[in-house]
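All chains should be modelled from the sequences, with the hints used to inform the complete structure.
If you're matching them up, the sequences are chains A and B in order. Read in order, the letters of the first sequence correspond to residues 97 to 327 in this note's numbering. Read in order, the letters of the second sequence correspond to residues 97 to 327 in this note's numbering.
No wet-lab data here; the hints were simulated from the structure. Any given hint might turn out to be false.
Treat identical chains as interchangeable: a pair holds within one or across any two.
Once the Cα atoms are required to be at most 25 Å apart in a straight line, the calculated SDA-like pairs of lysine to any residue come out as [to be verified]:
1. K303 / N246
2. K249 / Q275
3. K249 / E223
4. K255 / V242
5. K249 / S293
6. K173 / I122
2 protein chains.
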Amino acid sequence: MFEVETLKKYVIIVAGGSGNRMGSEIPKQFIEFCGLPVLMHTMVAFKTAYENIEIIIVLPEGLVSYWESLCSQYNFKVHHQLAFGGETRFHSVKNGLELISGEGLVGIHDGVRPLVSKETIVRCYTEAAKYSSAIPVIEVVETVRVLEDNRSKIIDRSKLRLVQTPQVFEINLLKQAYQQSFNPAFTDDASVFESSSNEIHLTLGNKENIKITHPADLIMGESLFRVLNLI
Amino acid sequence: MFEVETLKKYVIIVAGGSGNRMGSEIPKQFIEFCGLPVLMHTMVAFKTAYENIEIIIVLPEGLVSYWESLCSQYNFKVHHQLAFGGETRFHSVKNGLELISGEGLVGIHDGVRPLVSKETIVRCYTEAAKYSSAIPVIEVVETVRVLEDNRSKIIDRSKLRLVQTPQVFEINLLKQAYQQSFNPAFTDDASVFESSSNEIHLTLGNKENIKITHPADLIMGESLFRVLNLI
Chain A
97 MFEVETLKKY VIIVAGGSGN RMGSEIPKQF IEFCGLPVLM HTMVAFKTAY ENIEIIIVLP
157 EGLVSYWESL CSQYNFKVHH QLAFGGETRF HSVKNGLELI SGEGLVGIHD GVRPLVSKET
217 IVRCYTEAAK YSSAIPVIEV VETVRVLEDN RSKIIDRSKL RLVQTPQVFE INLLKQAYQQ
277 SFNPAFTDDA SVFESSSNEI HLTLGNKENI KITHPADLIM GESLFRVLNL I
Chain B
97 MFEVETLKKY VIIVAGGSGN RMGSEIPKQF IEFCGLPVLM HTMVAFKTAY ENIEIIIVLP
157 EGLVSYWESL CSQYNFKVHH QLAFGGETRF HSVKNGLELI SGEGLVGIHD GVRPLVSKET
217 IVRCYTEAAK YSSAIPVIEV VETVRVLEDN RSKIIDRSKL RLVQTPQVFE INLLKQAYQQ
277 SFNPAFTDDA SVFESSSNEI HLTLGNKENI KITHPADLIM GESLFRVLNL I
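Okay, here's the thing in structure tokens:
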């Protein structure tokens, strides 16, 4: 347990999408959103929370030159390192982790979540300094049913939590976890981490921290972004 | 099993909120949203799907005169009957059902879901004509964890569905179900219906069909509404 201020902080932003679900040729992490590509907004969110955070972007290798041309087009100067995307998210994160040599905390964040709040970011790093891990979750507002054979039944939603990112971990423990062989049950970094005998600490996310994956999300996200930045 | 065209159709729109969560004095179902109070948009959605549908609005008794003044202020002429809200949603719906004497199909809908699509409404009534019930659900896009004692674990999200409204039923069967004594486990109409030994049929909802309960929902909903109405 360390104080978060004294720890070196990294974020690996995974931006491996190829854009099919948005019905557009532009991969969703590059779509312009309130004046900047989604991924750039995401990077700015982390720089706003921690000025000295080290940013690692994981991109499909074939999109690196496109990304560089976007940075030049938007005169985007936020310092970052690049890693190449792998076969799955697991392999992408692993590639990102290889660029980190020191100790401290690393957050893994979805490139298409530009609406993560400063409070969520700070909460996750602060609690990860205390508990070795922290992942942001929110409650479910809808009734939830679970499918069983040809039927379905209600499940107690008060016990369910929707998981967001950044998922923040002690670097050494996460690196150790990523030494495991790939398992299709690894749906996020928390699942990799806990499969290596670590415990996951849950903290509060923010409702607006949606994943921009469908056109409806882009519309909702854009208006949320405008309003949140006016407040 | 009947053809949906030949059946009389009703919708009970439950608008019992008192508005606290919106941080406003105006109950959320009455907040203006793209030029009309949320509840009026919701009513228009059903009239657009089925011109002859009978609309029953359930309102807290103390808000009826406010509602009437809004109808006059907005020159809102969509025909509807009023029922008074009860102690819980269960009692509110029961009060609404008492205004229905004939047979056919009845949908129960949240007053604060103005973004229900025509396709969702038609799908629910059409499939309820065939299966006695139909409730709209969508898949979960986030990783989901379930709390257990002091820990949490991942639950297979591919088996989970988020439940929306309208939940549509054969009138006679739903009325019979509402003869049961109230049980706090009744979180929606489907739970009342199935506790009376009926089966619930799931159909597809629409992602934009969000519940307007927090300020962020109002912002997202308003921009979605504008765009969906332009398409």
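Exercise for the section: Classify it for me, K249 with E223: is the Cα-Cα distance of at most 25 Å met within a copy, between copies, both or neither? Expected result: between (35 Å within a copy, 19 Å between copies)
Handout entry: Alpha-carbon proximity context of K249 and S293, limit 25 Å
Key = Result: close only across copies, 13 Å inter versus 32 Å intra.
Practice task
With 25 Å as the alpha-carbon cut-off, assign the pair K249 and Q275 to within, between, both or neither.
Solution key: between (38 Å within a copy, 21 Å between copies)
Practice task
Go through the copies and call it for K303 and N246: within, between, both or neither, with a Cα cutoff of 25 Å.
Solution key: Between. Shortest inter-copy distance 23 Å satisfies the 25 Å Cα cut-off; intra-copy 33 Å does not.
Problem - Intra- versus inter-subunit Cα pairing at 25 Å for K255 with V242 - result: both (13 Å within a copy, 6 Å between copies)
Exercise for the section: Using 25 Å as the alpha carbon limit, work out where K173 and I122 are close: within a copy, between copies, both or neither. Expected result: Result: close within a single copy only, 22 Å intra versus 45 Å inter.
Checked against the numbered hints above, the structure breaks none of them.
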